[in-house]
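Trainee: Given next are the chains, with one letter for each unit.
There are 2 protein chains.
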Amino acid sequence: MGRNERGVPRQEDDFSAWYNEVVAKAGLVDRGPAKGTMVIRPYGYRIWELLQAELDGKIKELGHENAYFPMLIPENYFNREAEHVEGFNPELAVVTHAGGKELAEPLVIRPTSETVIGDMMAKWITSHRDLPLRLNQWANVVRWELRSRMLLRTNEFLWQEAHSAYVEKSDALRETLLALDIYTALARDMAAIPVVPGEKTAGERFAGALNTYTIEAMMRDGKALQSATTHYLGDNFARAFNIRYTTAEEQQAFVHTTSFGLSTRLVGAIVMVHGDDKGLVLPPRVAPYQVVIVPITSGNKASEVEHAAADLARRLQAAGVRTHVDARPQLTPGWKYNDWELHGVPIRLELGPRDIDAGTTVMVKRIGEKVKQPITIAAAPTEIPSVLDEFQCDLLQRATQFRDDHTALVDNWDAFTTTIATGWALALHCGNQECEDNIKAETTATPRCIPQHGAPATGRCIRCYAPSAYDKRVVFARAY
Amino acid sequence: MGRNERGVPRQEDDFSAWYNEVVAKAGLVDRGPAKGTMVIRPYGYRIWELLQAELDGKIKELGHENAYFPMLIPENYFNREAEHVEGFNPELAVVTHAGGKELAEPLVIRPTSETVIGDMMAKWITSHRDLPLRLNQWANVVRWELRSRMLLRTNEFLWQEAHSAYVEKSDALRETLLALDIYTALARDMAAIPVVPGEKTAGERFAGALNTYTIEAMMRDGKALQSATTHYLGDNFARAFNIRYTTAEEQQAFVHTTSFGLSTRLVGAIVMVHGDDKGLVLPPRVAPYQVVIVPITSGNKASEVEHAAADLARRLQAAGVRTHVDARPQLTPGWKYNDWELHGVPIRLELGPRDIDAGTTVMVKRIGEKVKQPITIAAAPTEIPSVLDEFQCDLLQRATQFRDDHTALVDNWDAFTTTIATGWALALHCGNQECEDNIKAETTATPRCIPQHGAPATGRCIRCYAPSAYDKRVVFARAY
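Chains as they are written, first to last, in our numbering: chain V, 7 to 486; chain G, 7 to 486.
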């Protein structure tokens, strides 16, 4: 099996092994001491911080206020909403002892916070004037999984979870779609991922939701990754936790609630959508370093080069470019080039004595055409921001092209099985749960979503030939 | 017992009851469903976010990178450092079941992360070139306490914990002092709290530390609140977790580690340092709303007033002032005045039809002299920022005056017991643990710190008359 200079397997040989090695060797994550747990290292956490800052602003614009709810929730709270308990019970981590004693009632570590937030909403909401109530929290959650994969599925992960309560069903539903728009834009504009937004089929809904919407991203192995979800919960949680208000007409009524969340999983999506055999490829808008300068300091002009590199870095930083100088004396320039390619840095600047004499630096882009070209040092701070913008666009275009090349309309079972081996199938479906289960059992493919922007289409189910149910084709794919 | 318009007791009648009611009624926090847990509501969380944003920048300037470590830690990790286990064992919350099964080894919810971070440092550090390693995380921690008090002592709280490893002891020690400077400045410049920085005596050190530094704040009942701490851990954790590196001379050596943390407790300190019988008093730099405009809309000019209020709010916001318009139609202006006083908003602007005709608005400051004065609407966006700056200074001065008025040099036991009933005693002490314990048993006062800027002083111990140990006076106080 081929491996690159850093010992990373090639994607086409073993995509899964490639992923596991890249996220570790690029310093995004590490395994924690307890089974299935993850350390997010500074290089990975910085990507998350950049996503967070953007998303936090958008959620606040939507009218949500940040808050924080307790992580430990009485076990009985999970038994109050019938579907919720069924969905989450197998994944709960339970605290039975604390402060040296056995607890009278075990406490569950939140796998999600609908229950505890529902309980507090019941306390805070009394009148229609208290609505809408829109809350968001940035928090860790724990879901005990049999198998883990760094960033995609770990026993603990970080996310944002928003929870709202409305008088009107229509307003609650509107919010789930506005949140879906925010997620779609975040994936597109920050992560350069052309996700497909759409609604989940009944079998794939969040436990307790009436409608679940998702953004689905295509990885470079053709699989889908659910990258964020939004839910309309109807009055299920309102009834379970007695979240009622007095209407303007002095009647008692239950609120309509929603929730929506996006997690550190999106960092894993960025790796699997853009990475290549050399390692990560990071979209500039989420790259911890957008530019790395490698000074070539062999020879007697070492200090002059170091000085010029530091000077250029300062000028780039002043122009708003996240820039790092790799001044490690013990490593060769060649080693550093490979290292920063592994780390997915969009632009590398090579700077040696002859470059300085010529007033230029060699700019090397991580992907694309004319990847290597000299630019003048003087003009770098004005030119590089537009090179980064182009790079961001190129990545999105490349990912869009890849997604479209690996998505096919299929109208017979053979075409379906062939297509989902390497990509996504757009197929008609009867909407029957048993038929979904059959497809999954035979192919491991599941309905990822009923795409928001899918063209109208009706006909016969791809599997059972019953009449199609959704008035459009469903995205089927194998998924993480 | 006297109560204000919102039913809050007076401070002098029952400071503790005043605190409990104010933090709840001002919407900072609420009790969570599980014993001793806390919900941080949006109004309280916003204060934390403002502190966070400032502190995060300062910690990054110090050279730390943010990361995230698993919350669940194998139980045996806590047994590796002798003092650490003794200090934290009584407070641990333990997960024994997960995913429907009993775990082979119980997992502890982090009360602090020295152990898991130590374990990862051992993996990441091999050479002196990997040092210093400076990490920080924003996280929740769980410490099971018998008695809880919102924001000050709850079973779960939020904090920032930084952890570093150094080659040189001197560099590690320097960092603990730089971090102490950052905390001192944060408390002073953001929270308007004139904390006293200093070193803890041996009996008050963090479990596993060789040196612990603290910032101590004086509450309005004269008690002290430890508001953040920094620790030099020597090679205790390096030995316990085998954090070694190869020196430039190819020798193996243990690193010197540090840690420092500041929590949501600081929000509680702000309440107890500045609040009064009307409720909270918030320093402008941490106030969610720096200005609240109350439109007086009775009569036939209601829409004109609402329009003017919205317009003024926009202009203040454009000038960088966090401004809110209280447009609730069901409440009277008088009710709103009390409400925003309870919420501690620094400046209220009252705006009625006659004010608009005169081109003025009535500015009411939450504390100080000339609290009520008209200002011209046109000039408000230029004038109010300096009024807020003055307000911030006034609060710091008032708190400094209070602290100094309630701090006394004491040289005999009677003066000591009298002083610590209402404030802080600066006293000589022998440094003997048994003597500290005696003082605590008799008075509940403990040595809060050996103040960094204390004047040199030697003599006899205030309690046992043995020679004094620290070359300066120690701050003794009752504490939260």
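Fair warning: there could be bad hints in the mix.
Since the list gives no way to pick one copy over another, a pair counts as held whenever it fits inside one copy or between any two copies.
With a straight-line Cα cutoff of 30 Å, these simulated DSS-like cross-link-like pairs (lysine-lysine) come out [said to hold, decoys possible]:
(1) K342 / K31
(2) K64 / K175
(3) K66 / K371
(4) K129 / K284
(5) K31 / K307
(6) K41 / K342
(7) K446 / K371
Calculated from the structure, these hints are not laboratory results.
Trainee: Tell me the hint numbers this structure goes against, listed in increasing order.
Mentor: 5, 6 and 7
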